[in-house]
Amino acid sequence: MGRTDEVRVRIAPAPTGHMHLGNARTALFNWLFARHHGGKFIVRIDDTDLERSSEEAVKAILDALRWLGMDWDEGPEVGGPYGPYIQSQRLDIYREYAKKLVEGGKAYYCYCTKEELDAMREEARKRGRPFKYPGKCRNLTPEERERFEREGRRPTIRLNVEAAWGSREGKIVVHDLVLGDVEFDVKEFDDFIIMKSNGMPVYNFATVVDDYLMRITHVIRASEHLSNTPKQILIYKALGVEPPKFAHVPMVLGSSKGEKLSKRHGAVAVEWYRDQGYLPEAMINFLARLGWSYDDKEEIFTVEELIEKFDLDRVGRSGSVFDINKLNWLNKQYIMMMPLSKRTDAVIPFLERAGLIKREEITPEKRRWLEKIVEAVGDRMTTLADIVDYTYFFFTDEFEYSEEGLRKWLSKEGVPEMLEEVKELLAGVEPFERGEIERALRGYVEGKGLKAIRVFQPIRVAITGKTVGPGLFETIELLGRERTLGRLERAIRFLKGRTENP
30 MGRTDEVRVR
40 IAPAPTGHMH
50 LGNARTALFN
60 WLFARHHGGK
70 FIVRIDDTDL
80 ERSSEEAVKA
90 ILDALRWLGM
100 DWDEGPEVGG
110 PYGPYIQSQR
120 LDIYREYAKK
130 LVEGGKAYYC
140 YCTKEELDAM
150 REEARKRGRP
160 FKYPGKCRNL
170 TPEERERFER
180 EGRRPTIRLN
190 VEAAWGSREG
200 KIVVHDLVLG
210 DVEFDVKEFD
220 DFIIMKSNGM
230 PVYNFATVVD
240 DYLMRITHVI
250 RASEHLSNTP
260 KQILIYKALG
270 VEPPKFAHVP
280 MVLGSSKGEK
290 LSKRHGAVAV
300 EWYRDQGYLP
310 EAMINFLARL
320 GWSYDDKEEI
330 FTVEELIEKF
340 DLDRVGRSGS
350 VFDINKLNWL
360 NKQYIMMMPL
370 SKRTDAVIPF
380 LERAGLIKRE
390 EITPEKRRWL
400 EKIVEAVGDR
410 MTTLADIVDY
420 TYFFFTDEFE
430 YSEEGLRKWL
440 SKEGVPEMLE
450 EVKELLAGVE
460 PFERGEIERA
470 LRGYVEGKGL
480 KAIRVFQPIR
490 VAITGKTVGP
500 GLFETIELLG
510 RERTLGRLER
520 AIRFLKGRTE
530 NP
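For the sequence shown, the working numbering begins at 30 and goes up steadily by one.
Mixed in with the good hints there might be a few duds.
[Claimed, not checked] DEER-style ranges, computed between Cβ atoms:
(1) Pro110 / Asp408: 14 to 24 angstroms
(2) Asp92 / Pro113: 16 to 26 angstroms
(3) Asp100 / Glu328: 18 to 28 angstroms
[As the list claims (entries may be wrong)] When the alpha-carbon atoms are kept at most 20 angstroms apart in a straight line, the in silico SDA-like pairs for lysine to any residue are as follows:
(4) Lys216 / Pro159
(5) Lys165 / Asp219
(6) Lys200 / Lys266
(7) Lys361 / Thr425
(8) Lys371 / Ile402
(9) Lys441 / Val497
(10) Lys437 / Lys361
(11) Lys401 / Lys437
These are calculated hints, taken from the structure and not from any lab test.
For clarity, every value in this text was computed on a predicted model and none was experimentally measured.
Ideal Cβ positions, reconstructed from N, Cα and C, are used throughout, including at glycine.
Using the sequences provided together with the hints, build the complete structure.
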């Protein structure tokens, strides 16, 4: 089976947890590369670590890809001509290829016990040398194998590196599309294990067999996998097939000190960002820029633009730092670019999750009111989840006055009396709309010779409990006359009660 002219790339996540941001970035590079070249993007589940793998993790990974808009051409749920696409369902295939290598003299059964291997490691340590398996089982006779079998020893299978490469000398050269040529000395590699004693394949062996059978043309992965590549090239050589092209992209870093992104630097699971109200378009834009650049001018790219412009020659070699401030800036831009109706649709699940609204109770009139609230929030939201903090007081009359609002604005001398006057003023405003409300309140401020902030902030805290939020006049209009007057009355009673019972 030869390679295809069609570009075929894959991701092979291990379902041992959530989709990590670094994995999502690498998946995106693969997806963009496939779409740019009109090729195929394949998802393969690397679940050979059965103890740590779970169906829930598989679902989380696929859901993350779906949310980000990375559709796959072959893989779980969609099938394809080279399945199954779950490694635990391909064990017979790995065993068959391992057996072929043994029969061809490119691999052999190793019966060394853990105790024997530990003793070899200890001997190497005493001599101050790195441990390399010395090939003790490389030339076992049939009688020796039979004796070990009778003893109940379960063998591993090791690659015969010299037989695979043709010599113990020479350089393994990785012609990397990002890093350039990277060389490794063949003599640095011992006869490494390709099949465990329990019949499960080692990562490098399963990866090579699958990439070959699935006709993968380009392996695009994080640079931390570079050390696996010479071993994989040796396995390709043993199988007698051409390896794919390799591209090792820079790691996503957690800080400028070169630390790998981890939980210490904040959330690393894609679904956390989804649940916090980051938009998939913003995440895609942000992740694409972690290691890839087009020019120094453009910051915002549509998915279509990314597909058109993306290629590996613009991927850098050094790691890229995950900057949450940049992501927040991008997300805010994308939120503001959404049409009002779509933005309202997007925040409804967050209001519902907070128990502020029920979707089934949204009438056409209430929908129009919701849109006005979202419009009033304007560009204040960094994430969709921010809608709750900025607007909860529209949906409930049960709220507390913030400590700052109480101390800085409501506790000032003369505030209860001022609120009484404002209440009487607003009771007579007709029509009860923003323009008339603003005209009345500004007239009051001017007539009293006060600074606007001395009047407007106490009103804001009285009717919302907060010191910041949407515009005051829009807020009053959206609350309506009855609720506004009721909240002013509540604040007046509260403040008078404090005065009488300090």
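A quick look at each hint next to the structure:
1. In this structure the hint that Pro110 and Asp408 lie 14 to 24 angstroms apart at CB is violated, the actual value being about 49 angstroms.
2. The hinted range of 16 to 26 angstroms is satisfied by Asp92 and Pro113, whose Cβ atoms lie roughly 20 angstroms apart.
3. For the pair Asp100 and Glu328, the supplied restraint of 18 to 28 angstroms holds, since their beta-carbon distance comes to about 25 angstroms.
4. Taking the CA atoms of Lys216 and Pro159, the gap is near 13 angstroms; set against the 20 angstroms cutoff, the hint holds.
5. Among the hinted pairs, Lys165 with Asp219 is consistent with the structure: their alpha-carbon atoms are about 11 angstroms apart, no more than 20 angstroms.
6. The suggested pairing of Lys200 with Lys266 holds, with an alpha-carbon distance near 13 angstroms, which does not exceed 20 angstroms.
7. At roughly 26 angstroms between alpha-carbon atoms, Lys361 and Thr425 are farther apart than 20 angstroms, so this suggested pair is violated.
8. Between the alpha carbons of Lys371 and Ile402 the distance comes to roughly 14 angstroms, so the proposed pair stays at or under 20 angstroms and holds.
9. Between Lys441 and Val497 the alpha-carbon distance is near 18 angstroms, which keeps this suggested pair within the 20 angstroms criterion.
10. Under the criterion of a C-alpha separation no larger than 20 angstroms, the hint pairing Lys437 with Lys361 is inconsistent with the structure, at around 30 angstroms.
11. Distance check on the hinted pair: Lys401 and Lys437 sit about 29 angstroms apart at the alpha-carbon level, beyond 20 angstroms; violated.
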